[in-house]
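*Asks:* Sequence:
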Amino acid sequence: MTLCKLAFAFLFVLLLPAVYAQTVPETKPLAPVTAQPDESPSSEELMQALLTAIKEIEKERVELNQQLKRTPDPAAAQQIREQLEPLDQRLRDLQNSFEEMVTGGHSLSSLIDKTEDTPFNWQQELEQIVRPLLDELKQLTERPRLMERLKSEQAVHEHRLQLANEAIAELEKTLEQTKAPLVRQSTQTLLEQWQDQKENAEGRLQRINTQLTRLSASSDDLGEELTTRLQTFASGRGLNLLLAVAGFALVYLALTGLGRLISRFPNRKREPGTRRMARAVALLLRGFTVILALFATMLILYVRGDWLLLGLLILLTIGLALGLQKSLPRYVKEIRILLNMGSVREGERIVYNGIPWRIASLNIFSTLYNPLLHGGGVLRLPIDQLVDLQSRPYSPDEPWFPSKEGDIVILEGDIYGKVLIQTPEIVQVQIIGATTTFRVADYLGKNPRNLSQDGFAIPIVFGLDYQHQSTLLSDIVPTLRAYLEEQLAQQPFQPHLKALLVEFNEAASSSLNLLIVAVFTGAAAEDYWSIRRFLQRTTVSACNHYGWVIPFDQLTVHLPTPQQSALPSLKELT
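Under the working numbering, the first residue of the sequence shown is numbered -11, with each subsequent residue one higher.
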């Protein structure tokens, strides 16, 4: 699409000078109008006139050839040959005209093989196409170029006039001071020459000033001149341009509508081979639509006889073809994707900007779908954005996003919040009453833990003193479990409880640790911190109720007796 926009911009830039030049009035003198006879000569009379002219030229050629044979002088012979060349060309033209008139436009010269006459020169052919445009541009800039040239000449002649005045003043002073006749004569001669140069410069300056005044005066009536030019353009090249654009649009829209009408009757079986063939046919139809629309535009310009616009259109088409040739490999990849034969295929899963998407449809603007994003989760991408990507089949139970709107999540282990909105660009989370906005990449980088989706578990490690070692497993563990269940029955989040686990965890250095795990459904996600505090509070309450001792971190040092600590004497060692 970008290429198409650049092409239309290029066409507009090229057409603007042509449009302006079309409105410039011609400055060529009008040919005299001669009265035409009421009755045109018949075909027989025209053929008779042609034959008469042919016989006269043949007779003149015979006389010149005889004269050439009798002339011994090489220079005179060369002059006769130069006279014979245009006569021969004129004779061939008259003979061809007579033959075409008799045969209805056919000529034996058209049957002659001319392939070996002159080799094809693409530069000359291109020059013939571009020459009308250059002529139009020259005509467009004729007045500014003429004024600039006149101003340059004006500066040159003003400088010459200044030099002439200075020289004449010096010469006149010399004449007044000189008495010698020979010097006075030479000085007088120089004075006359400088006076001639001064008169020439003054005359030329006067003509230049007159021309500049006339050109400047003609540019004063800009509004009237612009109106006239616009009217001339509207009735000439503007009308041709409008018809060409209308023809292109009409053919393109008609064939596009026909293609859409055909696409309404697809094969109901939806077989992969049939769908791929339908895509190929649609792609060929689109290319054929553009080609036929261009052909219709060229045909309109050809019928209207606007060779400038036709040449510009041909040049534009050639430029687009060359541009497509350079980027052909990438367009081949895009065509493979459009035909559902590339690395990205319809109905598969793709990751774009870190977000998984399902490819709903492949087209010039493909449609990607994610059901967990705001606004329907629809994203339209140009086909060139999918060339370097890779899709794969997916399982129905694969997640499309780690959360959905309204879920409770924990980011980076301790950031607790509620998802308010999530789009392809941002995710807004309510954290401690305030709304925080994350970019999608940053949000996913914080490894969100979703509490609302499949539920959550809250583990707590609680330590008791070693003095309860004998009764810990047989008495304390079941008693603590029953106490927790009794207290949970009174809480509003008890209906969401899935499981409660109270087990001995480990024998630590200062305590006997118990593991308490409460498992809830996602409906209790908003009470996550309340449940954690409740478990801590209830466990301490149970210790107070049953007299269990909660240890604290301590360090016990066992010192040996004095006899054990005495060092052996040197005598004992020896």
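The hints are simulated quantities; they were obtained by calculation from the structure and are not laboratory data. Quick reminder that beta carbons are idealized off the backbone N, C-alpha and C, glycines included. It cannot be assumed that every hint is accurate.
[Claimed, not checked] Taking lysine to any residue and the SDA-like style, the derived pairs with C-alpha atoms no more than 25 Å apart in a straight line are:
#: 1; residue 1: Lys406; residue 2: Trp517
#: 2; residue 1: Lys406; residue 2: Leu377
#: 3; residue 1: Lys392; residue 2: Pro344
#: 4; residue 1: Lys139; residue 2: Thr198
#: 5; residue 1: Lys434; residue 2: Arg525
#: 6; residue 1: Lys406; residue 2: Val278
#: 7; residue 1: Lys406; residue 2: Gln479
[Unchecked claim] Now the in silico label distances, taken between C-beta atoms and shown as ranges:
#: 8; residue 1: Met135; residue 2: Glu87; range: 19 to 25 Å
#: 9; residue 1: Met135; residue 2: Leu308; range: 24 to 30 Å
#: 10; residue 1: Arg133; residue 2: Leu369; range: 19 to 25 Å
#: 11; residue 1: Gln77; residue 2: Leu308; range: 40 to 46 Å
#: 12; residue 1: Gly191; residue 2: Pro60; range: 50 to 56 Å
#: 13; residue 1: Leu272; residue 2: Gly293; range: 32 to 38 Å
#: 14; residue 1: Pro132; residue 2: Leu312; range: 14 to 20 Å
*Asks:* Hints first: check each against the structure and report whether it holds.
*Replies:* Each hint, compared with the structure:
For the hint pairing Lys406 with Trp517, the CA-to-CA distance comes to about 13 Å; that is within 25 Å, so the pair holds. Straight-line distance between C-alpha atoms of Lys406 and Leu377 comes to about 33 Å, which puts the hinted pair past the 25 Å bound. With a C-alpha separation of about 14 Å, the suggested pair Lys392 and Pro344 falls inside the 25 Å cut-off, and the hint holds. With a C-alpha separation of about 12 Å, the suggested pairing of Lys139 with Thr198 holds against the 25 Å cut-off.
With a C-alpha separation of about 30 Å, the suggested pairing of Lys434 with Arg525 is violated against the 25 Å cut-off. For a cut-off of 25 Å, the pair hint linking Lys406 to Val278 is broken: about 52 Å separates their Cα positions. Under the criterion of a C-alpha separation no larger than 25 Å, the hint pairing Lys406 with Gln479 is consistent with the structure, at around 22 Å. Checked against the hint of 19 to 25 Å, the C-beta distance between Met135 and Glu87 comes to roughly 52 Å, which is inconsistent with it.
Between Met135 and Leu308 the beta carbon distance is about 38 Å. The supplied range of 24 to 30 Å is therefore violated. At about 51 Å, the beta-carbon gap between Arg133 and Leu369 misses the expected band of 19 to 25 Å. Between Gln77 and Leu308 the beta carbons are some 42 Å apart, a value that agrees with the proposed interval 40 to 46 Å. Checking the proposed 50 to 56 Å range against Gly191 and Pro60 shows it holds: the Cβ atoms sit about 54 Å from each other.
The supplied range of 32 to 38 Å is met by Leu272 and Gly293, whose beta-carbon atoms lie about 33 Å from each other. Pro132 and Leu312 have their C-beta atoms about 38 Å apart, which leaves the hinted 14 to 20 Å range violated.
Hints 2, 5, 6, 8, 9, 10, 14, counting from the list given before, are not met by this structure.
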